[in-house]
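**Student:** Sequence:
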Amino acid sequence: MKITKLLSNQRVLIGALCLAVQPLASITAHAQADPVWSDEFDGEQIDRSVWTYNTGGSGFGNGEMQFYTASQNNAYIEDGNLVIEARREDYEGKPFTSARLHTNGRVGFKFGTLEARIKLPKLDNGLWPAFWMLGDNYGVDGWPKSGEIDILEAGFKSAMEDGTVNHAVSGAVHWWHETGTWSDWLQASHSRHAVLADPLYTDYHIYRLDWTPEEVVISVDDTTVLTMDTSAPELSEFRDNPMHILLNLAVGGWNFVEITDPAQITADFPAKMYVDYVRLYANEHTELEVASEHYVSGDFGILTETHPVESALDWEDNTNLYVWNNMVEASAVPFEGSESLAFSVQPGNWWGMGLLHPDYNLHNYKHGTLEFDMQVQSDVNIEVHMMSTAGGQGTVVLAEGGEQYGLVRDGAWHHVSIPLSKFGGVDMETVQTLFAISGPAPGEAFDIAIDNIYLTESTALPAPEGGSFGIYTETEANTSAGALVEGNNSDLFVWEGTLSLSHGNPLEGNSALNLASNGLGWFGMGFAAREGFDLSAFDNEEAALHFSMRTTDQTEFRIGMKSGNVQDIGQTWATFAPGNDPYGFARDGQWHDVVIPLSDLAADLEITDVRQLFQVLGFGEVVDLSIDNVYLSGGASRDDGNDARSKPNRGNGEGKGPRGCGRDGLPHPVFGEAKRCGKPPKNQ
Numbered sequence: 001m002k003i004t005k006l007l008s009n010q011r012v013l014i015g016a017l018c019l020a021v022q023p024l025a026s027i028t029a030h031a032q033a034d035p036v037w038s039d040e041f042d043g044e045q046i047d048r049s050v051w052t053y054n055t056g057g058s059g060f061g062n063g064e065m066q067f068y069t070a071s072q073n074n075a076y077i078e079d080g081n082l083v084i085e086a087r088r089e090d091y092e093g094k095p096f097t098s099a100r101l102h103t104n105g106r107v108g109f110k111f112g113t114l115e116a117r118i119k120l121p122k123l124d125n126g127l128w129p130a131f132w133m134l135g136d137n138y139g140v141d142g143w144p145k146s147g148e149i150d151i152l153e154a155g156f157k158s159a160m161e162d163g164t165v166n167h168a169v170s171g172a173v174h175w176w177h178e179t180g181t182w183s184d185w186l187q188a189s190h191s192r193h194a195v196l197a198d199p200l201y202t203d204y205h206i207y208r209l210d211w212t213p214e215e216v217v218i219s220v221d222d223t224t225v226l227t228m229d230t231s232a233p234e235l236s237e238f239r240d241n242p243m244h245i246l247l248n249l250a251v252g253g254w255n256f257v258e259i260t261d262p263a264q265i266t267a268d269f270p271a272k273m274y275v276d277y278v279r280l281y282a283n284e285h286t287e288l289e290v291a292s293e294h295y296v297s298g299d300f301g302i303l304t305e306t307h308p309v310e311s312a313l314d315w316e317d318n319t320n321l322y323v324w325n326n327m328v329e330a331s332a333v334p335f336e337g338s339e340s341l342a343f344s345v346q347p348g349n350w351w352g353m354g355l356l357h358p359d360y361n362l363h364n365y366k367h368g369t370l371e372f373d374m375q376v377q378s379d380v381n382i383e384v385h386m387m388s389t390a391g392g393q394g395t396v397v398l399a400e401g402g403e404q405y406g407l408v409r410d411g412a413w414h415h416v417s418i419p420l421s422k423f424g425g426v427d428m429e430t431v432q433t434l435f436a437i438s439g440p441a442p443g444e445a446f447d448i449a450i451d452n453i454y455l456t457e458s459t460a461l462p463a464p465e466g467g468s469f470g471i472y473t474e475t476e477a478n479t480s481a482g483a484l485v486e487g488n489n490s491d492l493f494v495w496e497g498t499l500s501l502s503h504g505n506p507l508e509g510n511s512a513l514n515l516a517s518n519g520l521g522w523f524g525m526g527f528a529a530r531e532g533f534d535l536s537a538f539d540n541e542e543a544a545l546h547f548s549m550r551t552t553d554q555t556e557f558r559i560g561m562k563s564g565n566v567q568d569i570g571q572t573w574a575t576f577a578p579g580n581d582p583y584g585f586a587r588d589g590q591w592h593d594v595v596i597p598l599s600d601l602a603a604d605l606e607i608t609d610v611r612q613l614f615q616v617l618g619f620g621e622v623v624d625l626s627i628d629n630v631y632l633s634g635g636a637s638r639d640d641g642n643d644a645r646s647k648p649n650r651g652n653g654e655g656k657g658p659r660g661c662g663r664d665g666l667p668h669p670v671f672g673e674a675k676r677c678g679k680p681p682k683n684q
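With UniProt numbering, letter number 137 in the sequence shown gets 137, and the count goes up by one each step, no holes.
I should point out that these hints are in silico values taken from the structure, not numbers from a laboratory. All the pointers check out, no bait thrown in.
Within a straight-line C-alpha distance of at most 25 Å, the following computed DSS-like cross-link-like pairs (lysine-lysine) qualify:
(1) 119 with 157
(2) 272 with 122
(3) 157 with 122
(4) 94 with 157
(5) 94 with 272
(6) 122 with 94
(7) 145 with 110
Generate the whole structure from the sequences, applying the supplied hints.
**Tutor:** Okay, structure coming up:
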């Protein structure tokens with residue numbers, strides 16, 4: 001990737017019209033300049049500091065039929081190209097898989113010339129490739145208030161009908177209709193398309209956006225697709241906020257493609273979309289934001305007046321405190337300074353409040369802590385939340401009799417410290433809610449106050465090296481680089497009570513894992529690190545995951561590892577299916593040693609932040625699956641001149657969408673009806 005510093009500082013639905021092919025009137029500025037930012041896709045792995053994923057099978061507001069994964073099977077680097085590959089395969093209830101990548105929270109810009117050199121697959125019928133942009137205010141304002149610019153879309157129904165589907169390129173602009181409300185689902189749009197002489201799949205074409213405060217121009221090669229004047233006041237979406245980049249290959253949908261039956265998808269699979277590069281050229285208005293150039297460090301203030309912080313939430317920048325339900329402002333003597341959050345809660349109904357603000361990139365805080373002081377006497381469960389735009393919500397429950405993280409419920413101030421790794425699901429590069437609390441209906445009224453809220457920066461993760469690292473083994477030779485210690489640095493979790501475990505008849509030592517499902521239709525378990533491990537030392541061709549396994553059961557299951565915090569991202573699996581078991585495993589009731597080269601798994605992992613070191617997942621019922629002697633081998637040592645952590649991170653959420661319909665028609669991320677309070681109340 002190349003980065004250069006900043007150079008300078010109604011329902012209105014217009015049908016897609018075919019434009020006559022015409023050359024661009026002028027030579028664009030980038031013809032004589034170097035890009036200010038680019039990704040040339042010339043490394044071995046997708047750059048995680050630039051790209052992340054939207055995952056899932058929600059249909060993304062369009063009834064799309066693919067499940068978007070973060071797997072190397074669907075997005076990878078090959079011969080200097082980013083390849084997005086759609087496959088016809090059953091996955092999580094969907095008949096297709098594909099990938100959708102975006103730069104939200106990583107790279108954004110306002111104004112300039114953005115272009116990508118792309119070769120599309122043969123589209124007919126049912127494929128829907130796109131190169132497009134959304135506003136970085138997407139998390140706080142939703143779609144379409146974020147604005148949307150579609151630089152490339154192809155595969156639409158009318159082009160299928162008239163036989164031009166492999167020649168027709170569509171461009172579009174979407175924005176909020178100023179007279180609308182969320183319930184009206186009003187968005188305004190302007191779209192056009194052009195038909196090229198050469199098929200889109202036979203060669204690469206250059207798809208380009210020229211963007212100034214007054215105008216948006218979309219083109220392909222030397223053909224103008226769409227020109228739009230954006231100077232009007234109601235088009236502020238295209239002047240006020242930076243935007244981020246998205247690339248995806250969808251399959252079907254009731255919108256655009258207008259095919260919702262998988263049997264009517266006739267395109268060839270696997271289908272591959274090749275992206276040679278993405279480049280940004282500056283004009284006189286360009287503002288570029290590359291998060292990795294200025295990650296925030298040090299203690300980060302949320303609501304604190306005396307604790308020293310290096311950075312803090314900007315309460316004047318579209319930040320609001322929302323009271324969702326059953327909390328009334330109360331008086332309390334602050335823990336520090338002159339302000340705190342103090343409320344009275346009544347019995348009989350749930351309660352909650354939280355922040356909503358522009359996204360913050362908190363890359364350096366993934367293994368830090370959330371710190372605050374709390375004053376409460378009730379024994380009610382207190383749910384502490386964080387939320388992200390490109391990931392999801394994470395919740396930690398402070399339950400009476402459970403882990404309190406320092407809270408004492410005696411009505412006095414006590415300091416609470418929660419590891420941020422406990423907020424599973426949160427993409428720390430796009431945090432839109434730094435702090436929120438809620439809880440179930442209390443039996444009686446209570447008061448609660450919170451003060452002195454801040455984050456601390458990550459601490460270094462353990463980084464085993466120089467031999468073997470034990471996960472579940474009693475063989476000393478398999479723990480030369482250290483081991484998981486249950487109840488100390490790790491825990492064994494059975495997911496949602498799906499399994500019963502027994503420990504007899506081991507292969508080695510005194511204990512094995514004997515799995516029998518509990519009739520819930522699926523089963524799962526995993527060894528989860530309490531923080532995580534930096535397994536860079538095992539990012540080499542000699543490293544392997546070892547385990548011994550036996551069964552006669554004919555149920556399909558997966559063995560996997562998980563890195564990072566966001567669901568479906570950084571997850572990797574090896575599938576064991578009857579008649580097609582890999583790595584020499586046989587279902588004959590005998591112990592078999594299974595050795596999986598870590599290189600088979602590592603491309604989907606963020607290897608410096610592995611949080612679940614061994615997982616089992618299956619659908620159906622299992623009776624007699626036994627596992628023992630689980631460990632990693634081949635850890636390099638810096639003693640031989642190999643700096644195990646010198647390699648770049650390897651590896652790969654579903655963002656929140658608008659109320660209403662659009663490309664991402666999901667609920668807007670505000671918890672129910674809320675009272676907007678502005679800045680927190682002052683206590684006398």
